[in-house]
Amino acid sequence: MFETVLIANRGEIALRVLRACKELGVRTAVVYSAADADSAAVRLADQAVRIGPASSRRSYLNAAAIMEAARQVGAQAVHPGYGFLSEDADFAEICADNGLTFIGPPPAVMAALADKSSARALMSRAGLPLSPGSVAPVPTAAAAAEVAEAVGYPVIVKAAAGGGGRGMTVVRTPGELRRAYTRTRAAAQAAFGDDRVYVERYLTDARHVEVQVLCDAHGNGVHLGTRDCSVQRRHQKLVEEAPAPALSAAVLDTIAETALRGALQVGFVGAGTLEFLVDAEEKFHFLEINCRIQVEHPVTEMVTGIDLVHEQLHVAAGVPLRWRQEEIRLHGVAVECRVNTEDPERGFAPTPGRLERFTPPGGPFTRVDTHASAGYLVGPWYDSLLAKVIVWAPDRELALNRLERALDEFDIAGPGVHTTIPFVRRVLDDAAFRKGRYTTGLVDRLLAAPARGSAATPAPRTAPAADPDATHRRTR
Amino acid sequence: MTAGEGAVSTVEASDDVGVGGAASDDVRVDGARSDDVRVGGARSEDVRVGGPSDEAGVGGEDALAGLRRQAQHLIAELAGPVRRIRLRSGPAVLEVEWHPDEVTRPDLPAARSELAPAVVPAPGAPPAVIRPPVPGRAAVRAPIVGTFYRAPEPGARPFVAVGDLVRPGQPVAIVEAMKLMNEVTADRAGRVVAVLVEDGQPVEYDQPLVELDPA
Numbered sequence: 001m002f003e004t005v006l007i008a009n010r011g012e013i014a015l016r017v018l019r020a021c022k023e024l025g026v027r028t029a030v031v032y033s034a035a036d037a038d039s040a041a042v043r044l045a046d047q048a049v050r051i052g053p054a055s056s057r058r059s060y061l062n063a064a065a066i067m068e069a070a071r072q073v074g075a076q077a078v079h080p081g082y083g084f085l086s087e088d089a090d091f092a093e094i095c096a097d098n099g100l101t102f103i104g105p106p107p108a109v110m111a112a113l114a115d116k117s118s119a120r121a122l123m124s125r126a127g128l129p130l131s132p133g134s135v136a137p138v139p140t141a142a143a144a145a146e147v148a149e150a151v152g153y154p155v156i157v158k159a160a161a162g163g164g165g166r167g168m169t170v171v172r173t174p175g176e177l178r179r180a181y182t183r184t185r186a187a188a189q190a191a192f193g194d195d196r197v198y199v200e201r202y203l204t205d206a207r208h209v210e211v212q213v214l215c216d217a218h219g220n221g222v223h224l225g226t227r228d229c230s231v232q233r234r235h236q237k238l239v240e241e242a243p244a245p246a247l248s249a250a251v252l253d254t255i256a257e258t259a260l261r262g263a264l265q266v267g268f269v270g271a272g273t274l275e276f277l278v279d280a281e282e283k284f285h286f287l288e289i290n291c292r293i294q295v296e297h298p299v300t301e302m303v304t305g306i307d308l309v310h311e312q313l314h315v316a317a318g319v320p321l322r323w324r325q326e327e328i329r330l331h332g333v334a335v336e337c338r339v340n341t342e343d344p345e346r347g348f349a350p351t352p353g354r355l356e357r358f359t360p361p362g363g364p365f366t367r368v369d370t371h372a373s374a375g376y377l378v379g380p381w382y383d384s385l386l387a388k389v390i391v392w393a394p395d396r397e398l399a400l401n402r403l404e405r406a407l408d409e410f411d412i413a414g415p416g417v418h419t420t421i422p423f424v425r426r427v428l429d430d431a432a433f434r435k436g437r438y439t440t441g442l443v444d445r446l447l448a449a450p451a452r453g454s455a456a457t458p459a460p461r462t463a464p465a466a467d468p469d470a471t472h473r474r475t476r
Numbered sequence: 001m002t003a004g005e006g007a008v009s010t011v012e013a014s015d016d017v018g019v020g021g022a023a024s025d026d027v028r029v030d031g032a033r034s035d036d037v038r039v040g041g042a043r044s045e046d047v048r049v050g051g052p053s054d055e056a057g058v059g060g061e062d063a064l065a066g067l068r069r070q071a072q073h074l075i076a077e078l079a080g081p082v083r084r085i086r087l088r089s090g091p092a093v094l095e096v097e098w099h100p101d102e103v104t105r106p107d108l109p110a111a112r113s114e115l116a117p118a119v120v121p122a123p124g125a126p127p128a129v130i131r132p133p134v135p136g137r138a139a140v141r142a143p144i145v146g147t148f149y150r151a152p153e154p155g156a157r158p159f160v161a162v163g164d165l166v167r168p169g170q171p172v173a174i175v176e177a178m179k180l181m182n183e184v185t186a187d188r189a190g191r192v193v194a195v196l197v198e199d200g201q202p203v204e205y206d207q208p209l210v211e212l213d214p215a
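Going down the list, the protein sequences come from chains A and B.
In terms of my numbering, the numbers along the first sequence are unbroken and rise by one, the last being 476.
In terms of my numbering, the numbers along the second sequence are unbroken and rise by one, the last being 215.
Everything labelled a hint here was simulated from the structure, so no lab data went into it.
Errors might be hidden in some of the hints.
Just the calculated beta-carbon pair ranges, DEER-fashion [claimed, not checked]:
#: 1; chain 1: A; residue 1: Gly416; chain 2: B; residue 2: Gly136; range: 24 to 34 angstroms
#: 2; chain 1: B; residue 1: Met181; chain 2: A; residue 2: Pro415; range: 43 to 53 angstroms
#: 3; chain 1: B; residue 1: Thr185; chain 2: A; residue 2: Glu3; range: 33 to 43 angstroms
#: 4; chain 1: A; residue 1: Gln47; chain 2: B; residue 2: Met181; range: 18 to 28 angstroms
#: 5; chain 1: B; residue 1: His73; chain 2: A; residue 2: Gly99; range: 37 to 47 angstroms
#: 6; chain 1: A; residue 1: Ser373; chain 2: B; residue 2: Met181; range: 35 to 45 angstroms
#: 7; chain 1: B; residue 1: Pro132; chain 2: A; residue 2: Leu24; range: 47 to 57 angstroms
#: 8; chain 1: B; residue 1: Thr185; chain 2: A; residue 2: Gly305; range: 52 to 62 angstroms
#: 9; chain 1: A; residue 1: Asp411; chain 2: B; residue 2: Asp213; range: 42 to 52 angstroms
#: 10; chain 1: A; residue 1: Ala96; chain 2: B; residue 2: Arg188; range: 53 to 63 angstroms
#: 11; chain 1: A; residue 1: Ala432; chain 2: B; residue 2: Pro135; range: 58 to 68 angstroms
#: 12; chain 1: A; residue 1: Gly305; chain 2: B; residue 2: Arg188; range: 55 to 65 angstroms
Pulled a few chain A residues facing chain B out of the computed Cβ check, cut under 10 angstroms [unchecked claim]:
#: 13; residue: Ala34
#: 14; residue: Ser56
#: 15; residue: Arg58
#: 16; residue: Leu61
#: 17; residue: Ile94
#: 18; residue: Asn98
#: 19; residue: Thr101
Residues of chain A placed beyond 12 angstroms of chain B at every Cβ, according to the derived structure [said to hold, decoys possible]:
#: 20; residue: Gly25
#: 21; residue: Asp38
#: 22; residue: Gln325
Don't be surprised by glycine CBs; every beta carbon is placed ideally from N, CA and C.
Between the sequences and the hints, there should be enough to build the whole structure, so can you do that?
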């Protein structure tokens, strides 16, 4: 095991990784920006290095500064968390060049998988079903129109270099295609420095089901079951649960086994997630693979009893996988909701501010992953994830009740600060969600209907946007 | 030459010259590192002129002349009385000791100068004051995490010394990150009150490096 690990992230995930390191007797060092000087991770780490100003481009995205910090603290490995540099193959290579273990897949595997069209081609060769569309990037608007005609509208134009719900445009009619194609290419060039796009069938009313895999550096791998992340707004996840509900066990097993086969065939190492869309006929289509720990990893931990960050550290240290597939048992149901400092009444606009009150819930089988505390200042510089509330119960009904109970307890208040808790309550109240029969269309349907009790105090509400690329926030 | 305790001029060997009563202008004060005090109540300095590859012999006379010139420069710029100077030409060494009590520079806190060691990295390196930054005092800060250097290259004269007047945009240090030398420039005019970091030490982003008394 490593002696010192440098945590190159902030917020709740920096704390999450720090805790895992401490539990394994690993010395912790964190980097931080000037905006995070009084963060919980900085306070709890054995060592902290200020690497830049609030601007993430000059701090958490600054590979040179992170390498300097790693050198100063004498780290052997870097844990990138999620977001920031976690899926940057160049950063993984820079780590290797500086004699550091990047806690993630090998740089070459990351580079191949970070490109969505290349990942599609690789996974297709590995036998994973793709949603109908182009495997290679489409070079012209005319070529895009040809693909769209072949697979049928609506289609989605996606940036090959995109990720986290960015760089995508849904096209519903042939008349919109040319403009959407041109605009997505321009946006992709601006955001990712790479304007290649591809076109695939846009599945409405599908379920977003993903599979957690864990692979070691010796060719072994296991899957840890499925998660359903269909409760999304503009491709930003709000509620996640494990296992995916209301799908037949046989289909879930097939998806999970297929995902693991794909991961092993592309030489994946570490903790990763393969995302699929599952249509009404329970046919599944590979979307993309994420080469990092994900925000929603705790629901998998709750149903498997396996600490995924511990396993990331073991795998990175070269330890052979400590489980065989038959030893992985799924037990009960876990549900997570994201508490973001956003105002659901104003189009989920971020609402930074100081938290005058912050009392997270407690109680049995209730886990809160957060970096916040009373007095904490939610700044405007980073994403708005404030806390994750995760509950476990033997069955789904009880798990949902438990989550409602936990959210009732959660006390967050500060001038100008709003959270997504009221909206999550509406999701938990929804009859279709309760039955487990919901799709990626759920959030838009809720936003189109007036909130209960809002009739007395009508609030201006932005219309749900049809355009997923309108958002600049990221999901992980 | 001012006579100090050890103000005896001796020639110990043909190429080893002790010159009593010379001086240096180079002071690095670190009150916390009292174990660095090499001569009780005095300061000393080692100066290497040329590298180990310099052969004494053919160039011996030249090297010695060079050392003498260096010594004369130091003496000319000295603030306090000299205790001892030692020159050696192969490999060249110039060592200076002087009495700190008579150092009357107003910018050096008297309490610190009592125990002040003087370990000086480069020939003719101007003074630094190594101490924690004074809160609220104007300072040039590190623009990036990295390694702090006072001079543009090893052995070169540091960018600034205590007492120097700097103008906005003037280089005052280098912070090396990933083998890239990032020049640190003054953001305002002022007089250098202290250099807060030892040469070659790691610094964090925004760490105060050079304290200024704004002009």
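Right, here's what the structure says about each hint:
1. A:Gly416 <-> B:Gly136: 24 to 34 angstroms: At roughly 31 angstroms between Cβ atoms, B:Gly136 and A:Gly416 fall inside 24 to 34 angstroms, so the hint holds.
2. B:Met181 <-> A:Pro415: 43 to 53 angstroms: Hint holds: Cβ distance 45 angstroms, inside 43 to 53 angstroms.
3. B:Thr185 <-> A:Glu3: 33 to 43 angstroms: 38 angstroms, holds
4. A:Gln47 <-> B:Met181: 18 to 28 angstroms: 25 angstroms, holds
5. B:His73 <-> A:Gly99: 37 to 47 angstroms: Because 44 angstroms falls inside the window, the suggested range holds.
6. A:Ser373 <-> B:Met181: 35 to 45 angstroms: Since the Cβ atoms of A:Ser373 and B:Met181 sit about 41 angstroms apart, the hinted range of 35 to 45 angstroms holds.
7. B:Pro132 <-> A:Leu24: 47 to 57 angstroms: 35 angstroms, violated
8. B:Thr185 <-> A:Gly305: 52 to 62 angstroms: 56 angstroms, holds
9. A:Asp411 <-> B:Asp213: 42 to 52 angstroms: 50 angstroms Cβ-Cβ, so the 42 to 52 angstroms window holds.
10. A:Ala96 <-> B:Arg188: 53 to 63 angstroms: Roughly 42 angstroms apart at Cβ, these two residues miss the hinted range, so it is violated.
11. A:Ala432 <-> B:Pro135: 58 to 68 angstroms: 59 angstroms, holds
12. A:Gly305 <-> B:Arg188: 55 to 65 angstroms: Distance hint for A:Gly305, B:Arg188 holds at roughly 59 angstroms.
13. Ala34: For A:Ala34, the interface hint holds, since the closest Cβ of chain B sits about 6 angstroms away, which is under 10 angstroms.
14. Ser56: 13 angstroms, violated
15. Arg58: 8 angstroms, holds
16. Leu61: It is violated, given that the least Cβ distance between A:Leu61 and chain B is near 13 angstroms, above 10 angstroms.
17. Ile94: 9 angstroms, holds
18. Asn98: Status holds, d = 8 angstroms.
19. Thr101: Hint violated; A:Thr101 Cβ to chain B Cβ min 18 angstroms, cut 10 angstroms.
20. Gly25: Fine: 25 angstroms to the nearest Cβ keeps A:Gly25 off the interface.
21. Asp38: The assertion about A:Asp38 holds, with a minimum of 14 angstroms to chain B.
22. Gln325: 42 angstroms, holds
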